[in-house]
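Chemist: Listed below, chain by chain, are the residues.
2 protein chains.
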Amino acid sequence: MNEDALIAALAEIVAPARSRVLIGIGDDAAVWQPSRSNRSVVSTDALVEGVHFDPAWMTWREIGARALEANLSDIAAMGARPVLATIALGVPSGTAHESLLDLYRGIAASAARADCTIAGGDVTRTPVVTLAITAVGEVRATSLKLRTGAKKGDAIVTTGKLGGSRAGLCVLRDRVALEGERRDWALQAYRAPVARLAEGRWLGASTSVHAMMDLSDGLSSDLARMCARSGVGAVLDALPICHAAIETAHALGVSPETFALAGGEEYELLAAVDGRAYGHLAARFRVRFGRELFKVGSFRAENGIVLRGGDGLETPVVRTGWDSLESE
Amino acid sequence: MNEDALIAALAEIVAPARSRVLIGIGDDAAVWQPSRSNRSVVSTDALVEGVHFDPAWMTWREIGARALEANLSDIAAMGARPVLATIALGVPSGTAHESLLDLYRGIAASAARADCTIAGGDVTRTPVVTLAITAVGEVRATSLKLRTGAKKGDAIVTTGKLGGSRAGLCVLRDRVALEGERRDWALQAYRAPVARLAEGRWLGASTSVHAMMDLSDGLSSDLARMCARSGVGAVLDALPICHAAIETAHALGVSPETFALAGGEEYELLAAVDGRAYGHLAARFRVRFGRELFKVGSFRAENGIVLRGGDGLETPVVRTGWDSLESE
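Note that the protein sequences, when read in sequence, are chains A and B. At position 198 of the first sequence (counting the first as 1) the number is 207 in our numbering, and the numbers step up by one without a gap. At position 112 of the second sequence (counting the first as 1) the number is 121 in our numbering, and the numbers step up by one without a gap.
Heads up, some of the hints might be wrong.
Distance ranges between label pairs, derived from CB positions [to be verified]:
1) G299/B - P101/A: 44 to 52 Å
2) R122/A - G284/B: 44 to 52 Å
3) T151/B - A214/A: 33 to 41 Å
4) G299/A - A14/B: 25 to 33 Å
Treat the hints as calculated values from the structure; they're not laboratory data. Note that beta-carbon positions come from the ideal geometry of N, C-alpha and C, so glycine has one too.
Work the whole structure out from these sequences, hints included.
Modeler: Encoded structure:
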């Protein structure tokens, strides 16, 4: 049973829906209705030392900021703005308090940037440092975006280039030696990702955006989830891959597309945009944010995700995480 | 630095308050304001295998239910009713999926009882099973109860007898051999505590209740927190101790009061009730719930907590957790 299957089985057990909780397990965040025109969203993410981060690769301050950003990214993916977050911190006995204070300094810096209050938490003893963060956000009912809603003909868009975070991890694991700007870009992407909060709210407010989620597990996994929830398939024909990932891929002898498809932890947003509205929306996005809203492909009726090459040939995209690639 | 001091230091780092978040770190739950007359509350608790529970001592189903009840108890302590909860589950690789499904069955049963929707979560790999649960509740602004607000002359009340959970742990650790009803009571108190949700909402709705919290860490620790937050001291003169705890105390050669003061994980509510209103409130409580609302002492202006014996002599209550007693 893989993680998705286990989560589905667990979700089924706790399934009974309740009127004021509109969206339960299965989207980036849960949604409930505090009043008629407003929606509250809540998202929980856990980070575990040795699984999700390694103190040898980044400062405690970066670890803290990154943990909150991962959560804020789920809030962004709903089109919402953050209100508050709570933190369940697990620490092994003997952990230097200065490390924990630095961890919290990172969380505080990220929270301040996002205008999100850290409003409570719990500290427990655990064998390794664990951080479970729950973020609460708010969104107008009309701006709420879910993973369902992608339609055939919709453009598949991302708010940034992909692969940087995974390239950074390759640098840290000494699998590749990048230099200069590309090295900085990759390390920054891995150590200091930033949730696309402003972009999420902006896209959420557009009626041309039919579905949205964040890219925490890599495009192949996350797009498959959006396709499954929306009942559509997808053709990818223009993956935006950052230079650092391209160089890393070449050094490792794998295709750059692998970095875009199987990488993860980048927290760019993935959205389904009305195909006819994409051009106009992308132009406005460029004006507003000074960056591209990349069109990476299109949704179609036929199930499954394929990569279409310049020759028009379609290759099925196997939904795979990075770890299975690493062990090949 | 003990847990409270560390939490205070961490809280200071993330301190900046924001208008819509009314209560941050330091109460049972954080509070924010989704609309003028309503308050939302959110509470996070983490449970760690080997620290907070041991699968040798209870079923996975019980572990799940207990974890959610601990969180719901924080919601109850605010006078609120639960809306939803999210779960961050950490599992070691190789954990039997049937155990996890049972864990969730326990959570689901507790959630159904409390009319609380399990609305999302996260599953990660961890060295031992960890469960971080965040519960969200709602309460009318006028019914919200905090730890601040206890006044000199207020009665100190609890919604039940104390010490049962700790007696159950002593049974499970083979430190004492209880029999029959007392054994059942103690094991039930430890394995299957029930958050006092109805009691919390009922007490929250009363203007005679000035402050409220739940007794998760034992009366001596929790009452000290309420005293500190309210700027008062306390005299304890009538600790309600269950028979199982009294028998266990005698068998271990410690005073029964120890079980009431240093025990924990019972999730009874602790409240400050207007001294003149206590009699009437307790009578109504008895009618409503068929149980006693125990008056265990009174708040007073003078700082510190004392235990007053039948002879009128006052003994300072040292704020101590159970673990330090165990190692004596």
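Chemist: With reference to the structure, classify each hint as holding or not holding.
Modeler: Right, here's what the structure says about each hint:
1. G299/B - P101/A: 44 to 52 Å: holds (45 Å)
2. R122/A - G284/B: 44 to 52 Å: Holds, since R122/A and G284/B (Cβ atoms, about 48 Å apart) stay within the stated range.
3. T151/B - A214/A: 33 to 41 Å: holds (35 Å)
4. G299/A - A14/B: 25 to 33 Å: Cβ of G299/A to Cβ of A14/B: about 45 Å, so the range 25 to 33 Å is violated.
Of the numbered hints stated above, the single one contradicted by the structure is hint 4.
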